[in-house]
Each structure stands twice: as structure tokens, then as C-alpha cells.
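Asker: Residues per chain are reported as follows:
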Amino acid sequence: MTGTRPPGGALARRTLLKAGAGGLSLAALADLAACGKDGGSSPKSLKMLYFGEQAAATQLQNRLQPQIAELDASIKFEISAINGTDWNDFLAKVLTQIAAGTPPDIISVATEGLQLMASKELAVPLDDYVTKDLDALKEYFADIHPALVESMMYQGHLWELPDSFNAGNMFYSTGLFQRAGVVPPSENWTLDDFEAAATKIAKFQGVNAFGWVVRLWGSWTSFMYANNANLLEEGKYDGGDWLWSKAYAGDAAAAGRKGGWKWGAPTANSEATVEALNYMIELTKKGLSPSPDVGGGGTLQGLFASNRIGMSIGGGFWAGGLTNAGMKNGSFDVTMFPKWKSQRHLFGAGGYAIFKSSKKKDLAWEVLKLLVKPETFDLVFPGNVTTPGRKSLVTAARYAKTGPKHWSVFYDTLTKHPDTAPIPAPPYYNALATALNQRTTEAISSGNAKAALDGLQSDLEKAAGAG
Amino acid sequence: MTAVTAEVRRTAVKPRSHPSSHGETRFGFAMIGLSVLFVAVFTAIPIVASLGLSFFSWDVISSPEFVGLENYRRLFTDGPVLKSFGVTLGMALAIVVLQLTVGLGLAVLVNQRRLIWVRTVFRTAFYLPLLASTAAVSIFMGYLFDYKFGVVNYYLGLLGIPNVPWLTNGFAAASTIVLIAVWQQAGFTFVLFVAALMSVPTDVLEASQIDGAGPLRTLLRIKIPLISPTILFAAVVALINAMQLFDQPYIMTKGGPGSATTTVTIAMYQKGFQNLQFGYGSAIAIVLLAAILVITGLQFLAARKLVFYQ
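The listed protein sequences correspond, in order, to chains R and G.
Going by the numbering used here, the first residue of the first sequence is number 1, and it counts up by one from there.
Going by the numbering used here, the first residue of the second sequence is number 1, and it counts up by one from there.
Source of the hints: derived by calculation from the structure; they are not laboratory data.
Note that the structure is predicted; figures quoted are calculated from it, not measured.
Mixed in with the good hints there might be a few duds.
Lysine-lysine pairs mimicking DSS-like chemistry, simulated, CA-CA at most 27 Å apart [unchecked claim]:
| # | chain 1 | residue 1 | chain 2 | residue 2 |
| --- | --- | --- | --- | --- |
| 1 | R | K262 | R | K120 |
| 2 | R | K200 | R | K339 |
| 3 | R | K450 | G | K83 |
| 4 | R | K246 | R | K369 |
| 5 | R | K450 | R | K262 |
| 6 | G | K83 | R | K462 |
So these bits of chain G aren't anywhere near chain R, every CB distance computed over 12 Å [to be verified]:
| # | residue |
| --- | --- |
| 7 | G105 |
| 8 | L156 |
| 9 | N163 |
| 10 | I210 |
| 11 | A235 |
| 12 | A290 |
Just so it is clear, CB atoms sit at the ideal spot from N, CA and C, and this is done for glycine as well.
This is chain R alone, in the form it adopts within the complex:
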């Protein structure tokens, strides 16, 4: 019977099944194709995406709901948490949500995702809102370092209101330093001082002098910045005067600020970049640093908290992280990243943007202003899990319970080192992060920084071209 026409009943069923499957497939494809065009939250809710645990997000949602109700009593504020080991994971999941047709109204995005979001016009520029409410926001801008604001600009527009940041400072174990007879480092210490301290600490069995993880923020990239190098050519977009001339008039720290960082051609295999990665390989060979893990940093904090690591790159978020890991106030401290060719630091900032697909943009703007109020900061970030973007919130009282003793280093990084810059996160950040992770582990494993960074250069050129 093969090949012959089956009885009519069977044909009808098969035809129906085929048509059904085909129709469903087309519908699925059509749905996929339509993603990102519409969606958003329901008319009676305002949805925000948050990087973290859902339990914490729900708590935050409940804490903020009364204030949201004052803005619009009929609106239910919903915060959805997205888990991930790093921002690369977070952004991948955010984009999956967008693909699923459920984009948020407000999104909390760090430097890593800002240009990706802005270049794809997922968010709306805040220029008009800021201009309209500039008088009310003058107090906010006066309290926020212009470097943070500039890092939230892209092509002359402001895309997020920053509320937090973390610069790559150096945390150290006071106990291990004391045991090794090393004097606590001063703020202007050098790379030689760092290595001398590391050598003394490394003599302890089971202890690594310096621990780090493979990622863009606060990895070997901190050494790269201190070596006056970068993965990409640095530049700035024109524009931004609409903000600098009004919100920061007369502020010396705002001089020379423009319309956001413009990341140009890859320079991943430049001499200074190779030198920085080679330095890390040498640290590993000398037994001063273990082979690093990729992404996250939770394990690193755990090892640091159990006194198995003497030094590591951390920002203000380490104060809360180490306390949560069981470290007592005084058992760790922080200082500036050591000086190499310069003492330039890197930083990443966090803030809030309004999604383009939101149907409640005006309300979302009001919520953004609420989120960057001083009294909201500790509702959003309880327990020093990041550094406040507002200088007025970086106080002795804030760090009295957790430490570190030299907490002022966090904000001083911006004020005392004006060359401090954001991490290089272009619109193709995800591809950059993936390639950086792979090539860094390749370099550490093979011991050949130049070959690995030649590969990274090629990867970034392709990614920049595709982007």
C-alpha cells in the first residue's frame, strides 16, 4: 500500500494534523518575529526587572509599594528578579524575556548593558524628562559624580539615572597582612609594593596572596587600566551639553565631559594590554595567584572571608559581601588599586532606565525619581551590597558596622583620580565578555598572553563588525 492514497478518513485526519502542526509552527514563528514590538506590563501594573534573587525582589517590591501608591493608587508595582552569575547572564535572560513578549517598564541595568540597550533603542532617552524636572533634580545631580552620569550617556543622550557604582579598589585581609609583617598599604602604593606584599603573604601554606576572577570588571582589566591600556580605543560622543551646562554648571569635575563613552576599534593585542595580562601570568607562575575562575565572584569572597586570599580587587559591594560571608569589621580593609604607569581605576555604574515599549512612561519616570532619592537607596540595597552613587550617602555611619576602615576610598577613587573610567562595554558587550573570558583562560592555561590576545583582537574585530 505504500505510496497509494489512503482511505478518505485517514487522509482527513493526517491533513488536519499536518495543517495543525504547520499552523502552530507558523504561529510560533510569527510570535517570535513579533517579539519586542509590544508587550509590557498589564494596564494596572508597573513592572521592573532586577538583577538578583526573587525573594529580595519581592521584599523590595513590598517596601516600595506604599510610595508607588502615593504616585498612583491603582498601580501595582511588580519586581521580577533575574538570576545570573554576572551581567552577561543577566542580559541574556532579559533579552529572552523580551523575546517572550514580556518586556518591563523599568529596568535596572549596569554599565555592561547600557550601550547595548541604548543602541537597540530598547529604552527611551531621559533628556526631555530631565530637562522638564531639572530644578527638582539639581539636588540629585549635585550629589552624583559627573563621571557616573557620563557613563550613563550614549550618543549625547542620557539613558539612565545612576544610583550606584563600584570602582575596582584593592581589598586586603588585615589579619594576613599582620601575620606576614606587611604594613597596610597606603593609597599611593605601587605595583612593586603590591608584589612585595604578595610575596610575603604567599609563604603561608594554603594561602594565595592575590585572588581574582575572569570578567570585564575588576579582573586583569584593572591592571590593564593601571598600565594605561584598554581593550578598545577610547573616545567620547559629542553632545551632552544640554545636561553639563545646566546640571553641572561650574563643577570642575564636569569639565571635558561629553555625550558618553565611544568605544572604538579593538586594541586588545596592544603592547601595554599584553604586558598587563603577562603580569597576571607571571603572578600565577610565581605562586602569588591561583588560576582564576570565570565570572561571578561569590567563591572569591568566600575564600577571602576564610583567610585563604590576602588581596583581591573589590568595590563597595565587597563590604556587604564579606560581612555576609562572616567577616568581622576590622578583619579586612580597602585601599586604592596600586600605581603602575598610572593609578587609573575602572568602574561600573548601576541605574534605571525606562523601556521604550512601556505604556506608562510618565509614571515610570516618577518611579525613577523615587528610586534615586537618598531615602530609597537602603531600601533597594540593604547592607552595603554596592556603593551609593550619591556622595552624601558614603559616610562613616554607613560603614560603621561592616567596615572597611578606609571606606572613603570608594568615592575618592572618582574624585582623586579623575582619569578613572568605566569598563569598556560597547553595544556588543555580550560578545566581548564571552571572548574575553575564553581568551583569558586560554592565556593563563597556555602561558602565552600575546597569542591569546591576538585571538581576542580577532574576536573583537568580528564582533564589532557584526554589531
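Since chain R is already given, all that's left is putting chain G on it; use the hints.
Answerer: Chain G only, in chain R's frame:
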């Protein structure tokens, strides 16, 4: 026409028109329909959607753009992605060979135990790793095999053995992941082989003993040929699983060092979800599916000569 013939005709026709028979048919179709729906929603439609998507350039955010076979052309000239196919094939072959060998070896040993409770205890013990979450096992193993702080290197150190770069050297990382996958999956083949060995007819085994065959000869000439259909089934399932290896390398090494443990599924995830090239990621998925189909087909071809059906 006799009365008997007439009765036969009546009974032959009767079920077609009986109302309860119609109900049974409808129930049957409903049950089959559920299975069809399940397979359609969770398997067929995603495959068709992936196939469709593989002809588009799509970053989730912008509208998809039809690019024809461009994603496939790119795939066959993309060195790192092609390398991931090589890495996957190498690791998959190692996993399958070890998984079958370990599973069969353990099954033979356990099968020789005459006490049933001993078999039960071993079966449970060897099957347990399979029940653990692969993600949890991978995180745990990552700690165990950490170069500097891992428990494994700690105990090796007590024996005077220098630290082994389990996860930080390319070959060692791939080998460690293979061993962990085998440790977790061998219980599945073990249980299959125990059941197959128990079903080998005792009269055949007794006849071989009378003919003077020793344990090794009995295993190689009697038992293995008789359980060869089970070996084929285990090999096919193990290879299909191994070709989709993701959790262990992604969690333990993120595909590194370099790209030493970047399997096809990791490359697909990176291209699709991290680099926002969903069309290209889909093309990789389709080529992986085709590769698995081809390899499985080759296994069945080889089975024609190697598998013995009673």
C-alpha cells in the same frame, strides 16, 4: 450460507456499529492526541521553529531579516564553532566508550553475586548519581577539582603529589569533565546491562560450562552477543546524550580554558543567547541535530553486522 457463517458475519460486523466501540475509538484517539500534542508542542514545533529561524538574522530586538543559507555558510567557515564540533565528538566518544565499559563491567561483577540484596544495594548505589541534579553535581565537582583549593588536590598533596590542573589545562579539563559525566551516567547503562544479563537463558550458560568455556570466554562469546541489542540501545542513548553535553563544561569551565571544553551546545548558547545571534544559534542547533541523526544512523548500520538478535 450456513447458520455458523451467518453468525460469524454478524459478529464481524457488530463491533463497527456498537456505540461502546465508538467511544473506545474516541478515547484511543484522545489518548494518542495528547501524546501527539505533547510531542508537537515540546519537540516538533521547536525543531520546525529552529529550522525556520536558521534562515534569518535575528537579535531578538530588531525584526528578523531573511538571510537564506548565510548562517549555514558562516557555520562551515567559523573555525571556533567547527572546533566545538570536534571537541564534542571527541568527548562524546570517550564518554560512550567509558560509560559502556564501566556499566558493563559493573553489571558483570554484580551479576555474579548470588545474593539478591547485594545486587539491589549495588544497583541503587550505582544509579544514585543519575538522580542528582547535573547542575548541582557540576558546582560540587568544580569545588572538588579546584586547582588550588580543591579537596582532590589537597589529598593528593598529602601523598606528595603536586597539584593537578584538573580544570585549568585543556586536556585535563576535558578529561575531568568526561570522567564526571561517566560517573554520573554509568548507572543508567549499568542497570540496563544488569537486566539484560539476568535475561540470558541459563540453559545456554550451562551448555557453555559443560563445553568447558571459562568465565571470560562465556562473557565474550555468549553473554555479550546475547545482550548486544541492549548494548546497541545503550550506545545510541549515551551518544545522543553526550553529543548534547552542556551543564558540566558550562558550569565547571565555562567552555575553557580557551575553548578546550566548548561543546556545540555551549557554542550555540553563546552565539544565540549571549551574542544575540539567534538565527546563527539555530543553524548550529540544526547542524547538531543532523550530526546526531547521521551518527545514530551509522550506529544502526554497524549494528547490522555486530548485533545478534535471538
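Asker: It remains to establish, for every hint, whether it holds in the given structure.
Answerer: So, going through the hints one by one against the coordinates:
{"no.": "1", "hint": "R:K262 <-> R:K120", "in the structure": "holds (15 Å)"}
{"no.": "2", "hint": "R:K200 <-> R:K339", "in the structure": "holds (19 Å)"}
{"no.": "3", "hint": "R:K450 <-> G:K83", "in the structure": "holds (21 Å)"}
{"no.": "4", "hint": "R:K246 <-> R:K369", "in the structure": "holds (18 Å)"}
{"no.": "5", "hint": "R:K450 <-> R:K262", "in the structure": "holds (25 Å)"}
{"no.": "6", "hint": "G:K83 <-> R:K462", "in the structure": "holds (17 Å)"}
{"no.": "7", "hint": "G105", "in the structure": "holds (33 Å)"}
{"no.": "8", "hint": "L156", "in the structure": "holds (14 Å)"}
{"no.": "9", "hint": "N163", "in the structure": "violated (9 Å)"}
{"no.": "10", "hint": "I210", "in the structure": "holds (49 Å)"}
{"no.": "11", "hint": "A235", "in the structure": "holds (30 Å)"}
{"no.": "12", "hint": "A290", "in the structure": "holds (19 Å)"}
Violation of the numbered hints given earlier is confined to hint 9; every other hint is satisfied by the structure.
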